[in-house]
Amino acid sequence: MALSKKEISILIEIVFSIAFAFIFLPYFYENLDNNLVLMDDLIVKIIEIVIFSVIYFSVAYSLLGFFKKTETKDERDDMINSKSYKLGYLLHEFFLFIFIGTLSSNFKNQELLNLTDVGIIFLIFILLIFISFVKSSYQLYLHRTS
Amino acid sequence: MKLKNTIKEYRQKKSLTQEELAFKVGVSRQTIISIERYRYKPSLELGMKISMSLEININSLFYLE
Chain H
2 MALSKKEISI
12 LIEIVFSIAF
22 AFIFLPYFYE
32 NLDNNLVLMD
42 DLIVKIIEIV
52 IFSVIYFSVA
62 YSLLGFFKKT
72 ETKDERDDMI
82 NSKSYKLGYL
92 LHEFFLFIFI
102 GTLSSNFKNQ
112 ELLNLTDVGI
122 IFLIFILLIF
132 ISFVKSSYQL
142 YLHRTS
Chain X
31 MKLKNTIKEY
41 RQKKSLTQEE
51 LAFKVGVSRQ
61 TIISIERYRY
71 KPSLELGMKI
81 SMSLEININS
91 LFYLE
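So the sequences go chain by chain: H and X. Residue numbering for the first sequence follows our numbering, beginning at 2 and increasing consecutively. Residue numbering for the second sequence follows our numbering, beginning at 31 and increasing consecutively.
Keep in mind that the hints are not guaranteed to be accurate.
[Said to hold, decoys possible] Short, incomplete list of chain X residues facing chain H, as computed with Cβ under 7 Å:
#1 58
#2 61
#3 63
#4 70
#5 71
#6 73
#7 87
These aren't lab readings, by the way, just hints derived from the structure by calculation. In this text, a Cβ means the ideal position worked out from N, Cα and C, and glycines have one as well.
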């Protein structure tokens, strides 16, 4: 199965989502209810994530640029991008709707969301990773089938 | 009714590869492959560029079936 440069670049994003979920999310999951995690530890973890992301994408895209020649971006790519980004946007909207709904129902019961700092970061990361994974997978599917 | 085309036939008559036609009209090879397999419907502009590159009337290139 020969993959084009665009398809490989989407695969790089999918692999990043999976790698991120396996490498970094367990730390946040394990400390989900832990109120004793210091803000400094969280900042160190976030710096680790930023460094990992920068190195991963720099190496991956440099290798891709080295081994695959540049491809023309055309109207089909625009169509595929608009469809996949629309899906990502709808998922964002959906989860925002769920979040506001949960928040308001808890508010009615006179209690706020019982989340720690780690819990909030975990929630944000898992949503971003999930949406990015779905969007990229759909983008790859469209590239292969349309 | 489905939009079909005879691009492959006329491209081969002109001895052009998919890569060469793609370069002429400014799209990727994948786009030409998708159009020839009826998986992607090109815009009117791209359709006209293809018809000009293959020097064939657009009505002979695209048809509804």
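Status of the hints after comparison with the structure:
{"no.": "1", "hint": "58", "verdict": "5 Å, holds"}
{"no.": "2", "hint": "61", "verdict": "4 Å, holds"}
{"no.": "3", "hint": "63", "verdict": "10 Å, violated"}
{"no.": "4", "hint": "70", "verdict": "5 Å, holds"}
{"no.": "5", "hint": "71", "verdict": "10 Å, violated"}
{"no.": "6", "hint": "73", "verdict": "6 Å, holds"}
{"no.": "7", "hint": "87", "verdict": "22 Å, violated"}
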